[in-house]
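Each chain, written out:
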Amino acid sequence: MSDYEAVIGLEVHVQLKTKSKMFTDAPYYYGAEPNTLTNPVVLGMPGTLPVLNKEAIEKTIQVGLMLGCKIPEVSKWDRKHYFYPDMPKNYQISQYDQPLCEGGAVEIEMLSASRNVMGDHREIALTRIHLEEDVGKLTHTGEMSLVDYNRAGAPLIEIVTEPDIFSPDEAFAFLTALRNNLQFAGMSDCDMEKGQMRCDANVSVRPKGSEKLGTKVELKNLNSISGVRNGLEYEIKRQIHEVKAGGIITQETRRWDADQNMTYVMRTKEEAHDYRYFPCPDLMPIRISEEWKSSLGEALPELPFDRQRRYMEDLKLPYTVTSVLCPNRDLCEFFEAALAVHNNAKGIANILVNNLLSELSEASFGDDQKQLSDLPITPEGLAELIKLVDDAVISNQIAKEVFSEMIQTGKTAGVIVDEKGLKQSSDTGELEGICADMIDANPKAVEQFKAGQEKAINAIKGGVMKATQGKANPKLVDKILREMLS
Amino acid sequence: MEIYKTASQLRSALESGEVSSEEWVKQLIQRIESLDGEINSHLGLDKESALGQAKAADQRRANGESLGALDGIPISLKNNMAIKGQKLTCGSHILENFESPYDATVVEKLKAAGAVIFGRLNMDEFAMGSSNETSYFGTTRNPWNLERTPGGSSGGSAAAVAAGFCPVSLGSDTGGSIRQPASFCGVYGLKPTYGRISRYGLVAFASSLDQIGPLAREVDDLADVLTAVSGLDPKDSSSYPETVTGGSSELNGEVKPVIGVPKEFFEYPMDEEVLSSVKAAIAYYEKQGCEVREISLPNSHLSVSAYYVIATAEASSNLARFDGIRYTHRSKDAKDLMEVYFKSRGEGFGEEVKRRIILGTFALSSGYHDAYYLKAQKVRTLIREDFSKNFEDGVDLILTPTAPTTAFKIDESIQDPLTMYLNDIFTIPANLAGLPGLSVPCGASSENLPIGFQLIAPHFKEMSLLQAAKLYENGNEAHLVRPPLGN
Chain A
-13 MSDYEAVIGL
-3 EVHVQLKTKS
7 KMFTDAPYYY
17 GAEPNTLTNP
27 VVLGMPGTLP
37 VLNKEAIEKT
47 IQVGLMLGCK
57 IPEVSKWDRK
67 HYFYPDMPKN
77 YQISQYDQPL
87 CEGGAVEIEM
97 LSASRNVMGD
107 HREIALTRIH
117 LEEDVGKLTH
127 TGEMSLVDYN
137 RAGAPLIEIV
147 TEPDIFSPDE
157 AFAFLTALRN
167 NLQFAGMSDC
177 DMEKGQMRCD
187 ANVSVRPKGS
197 EKLGTKVELK
207 NLNSISGVRN
217 GLEYEIKRQI
227 HEVKAGGIIT
237 QETRRWDADQ
247 NMTYVMRTKE
257 EAHDYRYFPC
267 PDLMPIRISE
277 EWKSSLGEAL
287 PELPFDRQRR
297 YMEDLKLPYT
307 VTSVLCPNRD
317 LCEFFEAALA
327 VHNNAKGIAN
337 ILVNNLLSEL
347 SEASFGDDQK
357 QLSDLPITPE
367 GLAELIKLVD
377 DAVISNQIAK
387 EVFSEMIQTG
397 KTAGVIVDEK
407 GLKQSSDTGE
417 LEGICADMID
427 ANPKAVEQFK
437 AGQEKAINAI
447 KGGVMKATQG
457 KANPKLVDKI
467 LREMLS
Chain B
216 MEIYKTASQL
226 RSALESGEVS
236 SEEWVKQLIQ
246 RIESLDGEIN
256 SHLGLDKESA
266 LGQAKAADQR
276 RANGESLGAL
286 DGIPISLKNN
296 MAIKGQKLTC
306 GSHILENFES
316 PYDATVVEKL
326 KAAGAVIFGR
336 LNMDEFAMGS
346 SNETSYFGTT
356 RNPWNLERTP
366 GGSSGGSAAA
376 VAAGFCPVSL
386 GSDTGGSIRQ
396 PASFCGVYGL
406 KPTYGRISRY
416 GLVAFASSLD
426 QIGPLAREVD
436 DLADVLTAVS
446 GLDPKDSSSY
456 PETVTGGSSE
466 LNGEVKPVIG
476 VPKEFFEYPM
486 DEEVLSSVKA
496 AIAYYEKQGC
506 EVREISLPNS
516 HLSVSAYYVI
526 ATAEASSNLA
536 RFDGIRYTHR
546 SKDAKDLMEV
556 YFKSRGEGFG
566 EEVKRRIILG
576 TFALSSGYHD
586 AYYLKAQKVR
596 TLIREDFSKN
606 FEDGVDLILT
616 PTAPTTAFKI
626 DESIQDPLTM
636 YLNDIFTIPA
646 NLAGLPGLSV
656 PCGASSENLP
666 IGFQLIAPHF
676 KEMSLLQAAK
686 LYENGNEAHL
696 VRPPLGN
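Chains as they are written, first to last, in this note's numbering: chain A, -13 to 472; chain B, 216 to 702.
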């Protein structure tokens, strides 16, 4: 390994999921025709004024509360100036020295090598979170550049970490955990492809054991969570190589090119903007009362990692199941609702994680992404299905078929089992006959079992299940076979 | 028929059936066409729209559905207020071809009150100036003397009212831009409390100082317009929740305010005739039984300096949007993005605007921000406290000259920005403190140039200002004197 270590700080921009834009009542959503989600305020027409979006402020405070930030009593708005055609006013209303959230941390999990057990957890410290307006989008087409102001003015939070990340994998884990937290709480969809979450990274290297930070380089155009990891990996190698060769790292902004797998210089320190921040005279500072704060806190869901620990400890669910279940709010809510009807956490969780997710992805294609609520299945319906298994009415094997059928047809488990005659057989007399036939048909397995190879009995059992089309009660079959072979 | 009517006189004429709104608007248009060529107070006038609105008002009146005090009354607007479908140039080349896609809140409110949205009035470019000489569309001339400026930046609004082109106009006041031209043109000009009237649709010069207000030839008219356009606007977070109510019916002039006269204001160099007229006004109030006290506003000498830092800083930000990309003038010579910015702005803005953008950009730039912008904000607090102390001590109103001089000659001061800036020395403190101020006509100089005095009240006490002005109006005739326009 290298004698150098990397120090990384991230600046993550996340579009909040709100009904309207940050400073006006124009709506915002992804995918509309260019320049249709605008009005005179969005376009910065002369004479227009911004007004605050309460929902965006509340969501930002909620993100802060979720991540343990300090929410100050007073927060204010500032203008940040630079000229660029994607910004209608040539200044962005942002927050400079009194952001809505200060400090805080994001709990991350470093995936363990085996992936079957929980990895190490640690916290990445945050500097601040502030609220601002998004800018439009430029498309360059040969001689022309086109501007789409749909995105302009969308509420955007910027989450800034301390230089508290020490590897590309940690950065990856941070973004994953942050996205899970924000998605779970309904703050944002955090789809990086749609620009709902964007990340810039500041990275420097230093000799291991050194306390002093090296010269930092800002990385831009990291367009996916993997892109962040790949870009950082390249840049760290580049910097270490440079330093080892006796070179000096210069403070600059570099752009990650995912196609060429390299970073290149965008602008140097000398070209850095002087943003000329000053308090926005059109907006009053906001005062955040304890009551407001606490009512916003009460509306927040449990964090995914807390929920995972609870499911593992209280419900004895395995890590492999909870790691799929817990980041997904729809699944968790469905799970808990089913659990309230029928108390078999493992049975319910297994079918959600193993079967329901694949049904969802099968039903989805391209832009037509199905949600859990699009499927004709209810928590009560799932609970009924698991209860049929637990009451030995159907086997686990049959349950999967029934589940699939439920999703196809919307019928209840009971109806499907009745219509298709899927009730498992517990008729000892009938099963004894079939078991005897199968013992006769598998002399080799019988021999092996009698010689002490316990697993050999599964081949005979499989034959019985096959002969009964899965309807035999597996426990009963096991009992009969063992009696017959003893 | 007498065309030189105030709004309340016109209302009586409309009510009695002496004239219809449409007939009167037609006559005003004729008057403008015959007399405004020299004065140049108008940048535009949508005759069809005005006549249509006037007809609609007449119809309402005929149906017994009149909307109240302003129904059918033409009101002209400084051309920095957005009127849907009409040009909004702000006196600038850079917005020469820009038509507003929306109505300012004041326009919505005036329309709702039945007023006829009338002329678009000339102004200093982006309201930066004290003489209307910085207008890209030519200077406005003072109706009292065509060699003189009407003051500024609402010079068009003051000249149009003085010339009888409209009974009432709206102007905007950032450092005195309603009051100083009102004083130069012999009309009333009210700058209400900051936040009293929505700024939505007023093209921003300095957002923390800008305030829309009415100009008129009678105190009652100011009250009626203020009542119609004030109040909370969900589109302007700096607008104040309470609306002025009652209008002119609340004014009786039977008040005896305690009047403070700040000694510092009388230590500045000013025209002898201005001084003696203002002193006469003070004497009048004393004679009416008002207590007059000498007071001190010790930090007022810092106000012009602080103002030119704050106002230019905000302006440099507010004017950044005029960039040649979308609705503004775009240079034909621009070859790349930087040239679009530099050349379009270089060609589109006039000298004074550029001077202020550069000054404001400097004041906000890294390393200078604290020494200039932050310090100016501290001065602003001191100035506000100076006023508060006096009001807490029982002073109801403060009386000062509106401007140190009468209307100066065109081309006399435009080459000397500092002298021009000092013309706002008496009006700027009220903007910095957010206080309402009113210029009241109080006579003329030996050269027959109008003189005004200024009244300043505590926040949201516009009605006290108007009461006191009415008290003066009841015993004086300065507001009745007309400019010598040969009519």
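Just to be clear, a hint being listed does not mean it is correct.
[To be verified] Subject to a maximum C-alpha distance of 25 Å in a straight line, what follows is the list of computed DMTMM-like cross-link-like pairs (lysine to aspartate or glutamate): (1) K255/A to D551/B; (2) K326/B to D72/A; (3) K123/A to D72/A.
Hints listed in this document are in silico derivations from the structure and should not be mistaken for laboratory results.
What's the verdict on K123/A and D72/A, does the C-alpha distance respect the 25 Å limit or exceed it? Measuring from Cα to Cα gives roughly 6 Å; hence the hint holds.
Straight-line Cα separation of K326/B and D72/A no greater than 25 Å? 35 Å, violated
Is the hinted pair K255/A and D551/B satisfied, with a Cα-Cα distance of at most 25 Å? 23 Å, holds
Of the numbered hints given earlier, the model fails hint 2 alone.
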